[in-house]
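Engineer: Residue-level listing of the chains:
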Amino acid sequence: MEKGLSVRRIVIAGVLGAIAILLGVSRLGYIPVPTPAGNATIMHVPAIIGGIIEGPIVGLIIGLIFGVSSFLDATVPLFKDPLVSIFPRLFIGVIAFFVYFGFKRFNEYVAIGAAGFVGSMTNTILVLGMAVIRGYFTLSVALGVAIANGIPEAIVALIVTLAIVTSWKKIGGSIKKKSKISEDI
Amino acid sequence: MTSRFELTRNITIGQYIPTGSVIHQFEASLKLLSFAILVVGIAICSSYTGNLILLAFSIALFGIARIPIHYGISGIKPALPFMIILSLMQLLFYGQAAQGETTLFQFGFILITTSSVQLVIVSAMRFIEIILVSSVLTLSTSTTEMTHGLEHLLKPLKYIKFPVYEFSLIITIAIRFVPTFAMEMEKLMKAQASRGAEFGTGKWWQIVRKTKDTFPLIIPLFSSAMERAEDLILAMESRCYTPGLKRTSYRQYKIALRDFLLLIITTLFSIFIVFYKFTY
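Heads up: the protein sequence lines correspond to chains A and B, in order.
Under the numbering used here, think of the first position of the first sequence as 1, with each following residue one higher.
Under the numbering used here, think of the first position of the second sequence as 1, with each following residue one higher.
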């Protein structure tokens, strides 16, 4: 895997970052559930996908965009705290990438699904962990949220990630890369 | 009913109110930095007096920027139900964690202490302050200025080989594509609805169904986004965009003395708010 930011990585990070922002501001990324956190979310999925298809740096940047937009857009005091809304989100794409990378040699589909699931759990665990440290939740409330929100969220993330990445990578077929220059520079 | 399909109307990204006030004229990078310092100050400050001062200050900012206050209030309004629920939860369950304080009320597992009351009030005030301050920032800075400011701020990171220009290009692309994708999403919703998909008809307790409802939107949205990304990659590469080269910009932004003054004053103010021992 090449290092640094190629044109491809810049564009993919930007475009997926745009989706992360859009899911937040249009409220489409929220699935209302009756827990203290208020909502389950699929807004972290772009970060996971970015991590899987273009590596940890892109995952980190999309996570950052997602974090900052959720911070600016927050409707609950919990997410108006940058330590809760931005910092934990940086790791979603990075961890998703490493999970994908680790499982890839066994089975591509399993790897993608696992990356989706673990990436989503990373979001849940780190955000709630930070919320406990910062004193917004007690440990027992956080655990309740983790089970009521985190698990369904992770399953949804798994399904969406798997659907998008497999259709994108066209596993077993040709990859949809249009620009032929990418490989030369 | 039709409003459900109008996504673009609700998107306020890049909303900018050009009143030409002092706050508008500050150079964006130092304005961003001052904002960040102020937010850190707000996040740490946990006394009543400190938060009252901060609240008055953030309301005063609207006056100085000559932005109507209802722009800030409209940001708080949708948050109210969440705030009330969260405050109640904190009030009912946080008391256990901070024992040894003066107990105000005790019934079964419910324990309300002075520190849990303080936590609730202060976190609500903090939240309002941050909403107000960040809406002043975004309403008084255009997106172009914002990306320039970010680029300026991150410049020192170049010495540790952080790709500053590329990073601000990513941010620009992201902000640029939000309205495009919103339009795309609208089209997708209409297309799926005309094929018989039902959006928003599920009741709030039908969580599984509500989740399933989003799949026929999210998945096509992602794949059309990736397609657009491919077009953009092709366009940029065929114009020989090379990451990491030095570029010049069309508009020059200069940092004046008053921008430094803004930074110094905000820093002093935040230090005062955080470290001064208020009695309450």
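The reader is advised that the hints may include incorrect statements.
What the hints assert, rightly or not - DEER-style ranges, computed between Cβ atoms:
(1) B:Y241 / A:G144: 46 to 52 Å
(2) A:K169 / B:F215: 16 to 22 Å
(3) A:G129 / B:V40: 17 to 23 Å
(4) B:I85 / A:R105: 55 to 61 Å
Stated by the list, open to error - To list a few chain A residues with every Cβ distance to chain B over 12 Å, as calculated:
(5) I12
(6) L23
(7) P56
(8) D81
(9) L83
(10) F98
(11) F103
(12) R105
(13) N107
(14) Y109
(15) A111
(16) G129
(17) R134
(18) A146
In case anyone wonders, no lab produced these hints; they're calculated from the structure.
Since the model is a prediction, treat every value here as computed from it, not as a measurement.
Even for Gly, the Cβ is constructed at its ideal location relative to N, Cα and C.
Engineer: Work down the list of hints and note, for each, if the structure agrees.
Structural biologist: Status of each hint after checking the structure:
{"no.": "1", "hint": "B:Y241 / A:G144: 46 to 52 Å", "verdict": "holds (49 Å)"}
{"no.": "2", "hint": "A:K169 / B:F215: 16 to 22 Å", "verdict": "holds (19 Å)"}
{"no.": "3", "hint": "A:G129 / B:V40: 17 to 23 Å", "verdict": "holds (20 Å)"}
{"no.": "4", "hint": "B:I85 / A:R105: 55 to 61 Å", "verdict": "violated (47 Å)"}
{"no.": "5", "hint": "I12", "verdict": "violated (5 Å)"}
{"no.": "6", "hint": "L23", "verdict": "violated (8 Å)"}
{"no.": "7", "hint": "P56", "verdict": "holds (14 Å)"}
{"no.": "8", "hint": "D81", "verdict": "violated (6 Å)"}
{"no.": "9", "hint": "L83", "verdict": "violated (7 Å)"}
{"no.": "10", "hint": "F98", "verdict": "holds (21 Å)"}
{"no.": "11", "hint": "F103", "verdict": "holds (21 Å)"}
{"no.": "12", "hint": "R105", "verdict": "holds (25 Å)"}
{"no.": "13", "hint": "N107", "verdict": "holds (22 Å)"}
{"no.": "14", "hint": "Y109", "verdict": "holds (16 Å)"}
{"no.": "15", "hint": "A111", "verdict": "holds (18 Å)"}
{"no.": "16", "hint": "G129", "verdict": "holds (15 Å)"}
{"no.": "17", "hint": "R134", "verdict": "violated (9 Å)"}
{"no.": "18", "hint": "A146", "verdict": "holds (15 Å)"}
The structure is inconsistent with the numbered hints 4, 5, 6, 8, 9 and 17, although it conforms to all the rest.
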